[in-house]
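Trainee: Fit chain B with the ligands to the supplied structure of chain A, relying on the hints for placement.
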Amino acid sequence: MKVQLTHNGIVTSINKLKEDYILLSVTIDGRPAFRPGQFMMMQVSDSYDPLLLRPFSILDEHNGEYRFLIKIVGRGTRLIADFTCGKSVFLTGPFGNGFPQEAGGRALVAAGGVGIASVYAFLQMLHKQGVPYEFIYGARTKNELVLLNLLKPHHPLLSTDDGSQGYHGRLTDILKRKIRPEHTVFACGPMPMLAVVKNITLQQKAACYLSLEARMACGFGVCLGCTIFDTSGNTKRVCKDGPVFEAGEVSFGKQIAKNR
Amino acid sequence: MNKKLLQVKIGSMVLKNPIIGASGTFGYGAEYKKFISLGSIGGFVTKGLSLEPRKGNPEPRIKETPSGLINSIGLENIGMDAFLRDVMPGIEDAGTAIIVNIFGTAMDEYVELAHRLNRIKRIDGIELNISCPNVKAGGAEFGKDPLVVQTITQKVRDVTNKPLIVKLSPMVTSIVDVAVAAQEGGADAVSIANTYPAMAMDLKSRKPFLGAKTGGLSGPAIKPITLKLVYDAFGKINIPIIGVGGISSAEDVLEYAFAGAAAIQTGTANFINPEITAKLASDLHDYLTGAGIRSFASIVGAAKSSIGS
Ligand SMILES: Cc1cc2nc3c(=O)[nH]c(=O)nc-3n(C[C@H](O)[C@H](O)[C@H](O)COP(=O)(O)OP(=O)(O)OC[C@H]3O[C@@H](n4cnc5c(N)ncnc54)[C@H](O)[C@@H]3O)c2cc1C
Ligand SMILES: Cc1cc2nc3c(=O)[nH]c(=O)nc-3n(C[C@H](O)[C@H](O)[C@H](O)COP(=O)(O)O)c2cc1C
Ligand code: FES
Chain A
1 MKVQLTHNGI VTSINKLKED YILLSVTIDG RPAFRPGQFM MMQVSDSYDP
51 LLLRPFSILD EHNGEYRFLI KIVGRGTRLI ADFTCGKSVF LTGPFGNGFP
101 QEAGGRALVA AGGVGIASVY AFLQMLHKQG VPYEFIYGAR TKNELVLLNL
151 LKPHHPLLST DDGSQGYHGR LTDILKRKIR PEHTVFACGP MPMLAVVKNI
201 TLQQKAACYL SLEARMACGF GVCLGCTIFD TSGNTKRVCK DGPVFEAGEV
251 SFGKQIAKNR
Chain B
1001 MNKKLLQVKI GSMVLKNPII GASGTFGYGA EYKKFISLGS IGGFVTKGLS
1051 LEPRKGNPEP RIKETPSGLI NSIGLENIGM DAFLRDVMPG IEDAGTAIIV
1101 NIFGTAMDEY VELAHRLNRI KRIDGIELNI SCPNVKAGGA EFGKDPLVVQ
1151 TITQKVRDVT NKPLIVKLSP MVTSIVDVAV AAQEGGADAV SIANTYPAMA
1201 MDLKSRKPFL GAKTGGLSGP AIKPITLKLV YDAFGKINIP IIGVGGISSA
1251 EDVLEYAFAG AAAIQTGTAN FINPEITAKL ASDLHDYLTG AGIRSFASIV
1301 GAAKSSIGS
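Chains A and B, in that order, give the protein sequences. Going letter by letter, the first sequence gives residues 1 to 260 in my numbering. Going letter by letter, the second sequence gives residues 1001 to 1309 in my numbering.
The shape of chain A in the complex, shown without the other chains:
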């Protein structure tokens, strides 16, 4: 069955936040439905260079206006930073499995850095469902803790590596203190952080879901460029089988070495 998965959006606002973060709003006709943790692929250039669309999590949607939190890290995201209101943007999606629709018991949500973009819609969902949850949000410095106003209803436990705001240290230290076996942990952030989250939840025998990132060409499962090898050695597509995986499936050995 054909569904509308390509869109010509219009930029309605673009705000520079602290440090290298941007909050981008795009109206999309047809108001495609999405689940928390799903993402869209965004065209960054009107020419063939850069060629590929870039994946970004959907933060939220109001009356057909979709928001994205974007961290500037390279050429494509720098081009997005130059978008102006009224610009038309080609997008595909929403793609990916997203977070489970039910948190099951008590939820512990952990976001590291720009990982906040992926868990934000999920937090909103938990809030609406009235499920008990706690939320930990960490970054390197206070300048990289963004959207704090929007996050107030979720009572974030903040941490920074340099101690400039909140707990001085890693967010995984807070997680270690908070976690109980009856918790289900949901986390998104850099690979080394997710590796630690996995270990902590394993020790506590708590359920855990991780939202991963990978370089993507298509975003919908056909190029096999985003493939990871799971703990059983089988291939999984981050875009289609993920980006959210049960922690038990995710093998970290190689990625950590690479990210260090």
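Simulated from the structure, these hints should not be mistaken for laboratory data. Among the clues, some could well be false.
The calculated SDA-like cross-link candidates involving lysine to any residue, where the alpha carbons are at most 20 Å apart (straight line), are [said to hold, decoys possible]: (1) Lys18(A) - Lys142(A); (2) Lys236(A) - Glu1052(B); (3) Lys142(A) - Lys128(A); (4) Lys2(A) - Lys1033(B).
Example chain B residues on the side facing chain A (calculated, C-beta under 8 Å, incomplete) [said to hold, decoys possible]: (5) Phe1026; (6) Pro1060; (7) Arg1061; (8) Gly1068; (9) Pro1220.
We put the beta carbon where it would ideally sit given N, CA and C, even for glycine.
Mentor: Relative to the frame of chain A, chain B with the ligands by itself:
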């Protein structure tokens, strides 16, 4: 609507129009049902299939380059059994030509794969990917040596009467020699061409960026190079040429047609706009009717035609 306007014949296979989804970029076809009506395109080629499932190469497997993409997927696929058992039922109603791309590391594998496909009615054509390492010949490609190309084509021809397309490597001394070899071996068409060997470095580690070190370059960056290969081969063989390399717009399709492509495949462009094949078919229709051209076939090879335009 004039049905003949866009119609293309490849051996006994009749395509509604010359737009085909390229192998490795179109999944197994079913993945595109949510994007387009498959019946609106000429056909699609499945991801390359081997006898046994393959897990492919280590990550990272893709690297974007200026107007291009290097991939080292390593021919990850579900294997022929799973394809026939799990995928075929879901694409039988596709309303378009289904072409199955096959590869092996020994000639016998190609023969066995083709033999198995020959029994499946709904499969309209077979495309041989001969640009993969030949284990028996110490890792050299099947596709480099015209004699090997002819032999492998002949062996597959012997076990199938389905339309047979041989997909050529662009990295050959003479594209004409390999195209002629495929024709002599009994091919109904040649696809020109596969990706170009390429690589990128990781600035931090000072080592190759891709897990497999090298990969194949595709996308708009390669269009002028492959276009020339099509032009070179046109007129030197009697079987149709399917042009594939960097096609992203109706203008690109026309360039390939003028150079001699009777049909085209789009690869990388599907990743950027998954509806591109359907759009190209409709844009091409509009262009031809707008320009008062009676058929797509009539413009194929225009660049070498003495009549001109
Ligand atoms: C499912 C998913 C959801 C995501 N959601 C978000 C989100 O909501 N917000 C967000 O900000 N990001 C998100 N991302 C990440 C985002 O997609 C990337 O940051 C973005 O694609 C980068 O594009 P770019 O062109 O700016 O960077 P690129 O230019 O592609 O480079 C990215 C990084 O790789 C490095 N790099 C590139 N080439 C080389 C090389 N040869 N050697 C060494 N290093 C190299 C660059 O220096 C840079 O740090 C998500 C990713 C995924 C997979
Ligand atoms: C990610 C990817 C996977 C591919 N896999 C295959 C394959 O399995 N078999 C094959 O014959 N060609 C494969 N190709 C090559 C394409 O079919 C095509 O020949 C090539 O990409 C050039 O066309 P393009 O520039 O339009 O992408 C692949 C290409 C890409 C980008
Ligand atoms: S990005 Fe293409 S398969 Fe995941």
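Trainee: Find the hints from earlier in the document that the structure breaks and name them by number, from lowest to highest.
Mentor: Violated hint: only 3; rest satisfied.
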